[in-house]
Amino acid sequence: MEKKRQQLDEIVRWKEQHKTIHANVRPLSRDEISLIYSSIRRVEYNLKDVVEDLDALKQDNENYLTKVVEMAELHRVPIFPNKDEPLPLRDLMELLYQYTEENK
Numbered sequence: 001m002e003k004k005r006q007q008l009d010e011i012v013r014w015k016e017q018h019k020t021i022h023a024n025v026r027p028l029s030r031d032e033i034s035l036i037y038s039s040i041r042r043v044e045y046n047l048k049d050v051v052e053d054l055d056a057l058k059q060d061n062e063n064y065l066t067k068v069v070e071m072a073e074l075h076r077v078p079i080f081p082n083k084d085e086p087l088p089l090r091d092l093m094e095l096l097y098q099y100t101e102e103n104k
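Under our numbering, think of the first position of the sequence shown as 1, with each following residue one higher.
These aren't lab readings, by the way, just hints derived from the structure by calculation.
Incorrect hints may appear among the rest.
Straight-line distance between alpha carbons at most 25 Å, and here's what the computed DSS-like set of lysine-lysine pairs gives [to be verified]: (1) Lys-15 with Lys-3; (2) Lys-67 with Lys-48; (3) Lys-58 with Lys-48.
Cβ-Cβ distance ranges computed for the label pairs, FRET-style [to be verified]: (4) Leu-65 with Leu-35: 43 to 51 Å; (5) Leu-28 with Glu-85: 36 to 44 Å; (6) Lys-15 with Asp-55: 52 to 60 Å; (7) Lys-4 with Asp-31: 44 to 52 Å; (8) Leu-96 with Ser-34: 39 to 47 Å; (9) Glu-101 with Leu-65: 18 to 26 Å; (10) Arg-42 with Glu-62: 29 to 37 Å; (11) Glu-101 with Tyr-45: 42 to 50 Å; (12) Glu-101 with Gln-59: 24 to 32 Å; (13) Pro-88 with Glu-52: 23 to 31 Å.
Virtual Cβ for every residue (Gly too), placed ideally from N, Cα, C.
Using the sequences and the accompanying hints, generate a full structural model.
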């Protein structure tokens with residue numbers, strides 16, 4: 001009998017705590033919801049800008065590499081000296097620079 005009473009007391013205590021938790025939670029106001037929504041939209045627009053900037057950088061990088069390869073082919077600088085892997089870009093640029101300096 002005592003055990004059942006303790007269980008009932010525990011259930012009543014849990015329900016009281018549960019009521020207290022729900023009593024402390026209030027619904028968001030329209031202004032708060034609007035602020036959250038506008039913040040999310042602002043982040044979304046900023047992310048779109050970042051993606052556009054990254055796409056532009058990628059395109060610039062591809063254009064730059066294309067020009068380097070064209071220059072290497074024009075001056076007959078070997079891009080694949082080991083046949084398996086290309087020459088590192090820094091080394092290729094150094095060779096191109098040396099070649100253009102020698103042929104001035």
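Per the hint of 39 to 47 Å, is the separation of the Cβ atoms of Leu-96 and Ser-34 within bounds? violated, 57 Å
Does 18 to 26 Å hold as the CB distance between Glu-101 and Leu-65, or does it fail? Because 22 Å falls inside the window, the suggested range holds.
Given pair status - Lys-3, Lys-15, alpha carbons within 25 Å: Holds, at about 18 Å.
Run the distance test for Lys-58 versus Lys-48: straight-line Cα separation, threshold 25 Å. Distance ~15 Å between Lys-58 and Lys-48 Cα, so the pair holds.
For the hint 43 to 51 Å, verify it against the beta carbon of Leu-65 and that of Leu-35. Because 45 Å falls inside the window, the suggested range holds.
Would you check the hint for Lys-67 and Lys-48, treating anything up to 25 Å between C-alpha atoms as holding? violated, 29 Å
Does the beta carbon distance between Arg-42 and Glu-62 stay inside 29 to 37 Å, or does it fall outside? holds, 31 Å
If I claimed the Cβ atoms of Lys-4 and Asp-31 lie 44 to 52 Å apart, would that claim hold in this structure? Given a distance of about 50 Å, which is inside 44 to 52 Å, the answer is holds.
Holds or violated: the 24 to 32 Å window for the beta-carbon distance between Glu-101 and Gln-59? holds, 30 Å
Cβ distance range 42 to 50 Å for Glu-101 and Tyr-45, holds or violated: holds, 47 Å
Given the range 23 to 31 Å, decide if the beta-carbon distance of Pro-88 to Glu-52 lies inside it. Because 30 Å falls inside the window, the suggested range holds.
Please test the hint of 36 to 44 Å on the beta carbon pair from Leu-28 and Glu-85. The hint (36 to 44 Å, Cβ to Cβ) is violated, given that Leu-28 and Glu-85 are roughly 57 Å apart.
In terms of the numbered hints stated before, the structure departs from hints 2, 5, 8, listed from lowest to highest.
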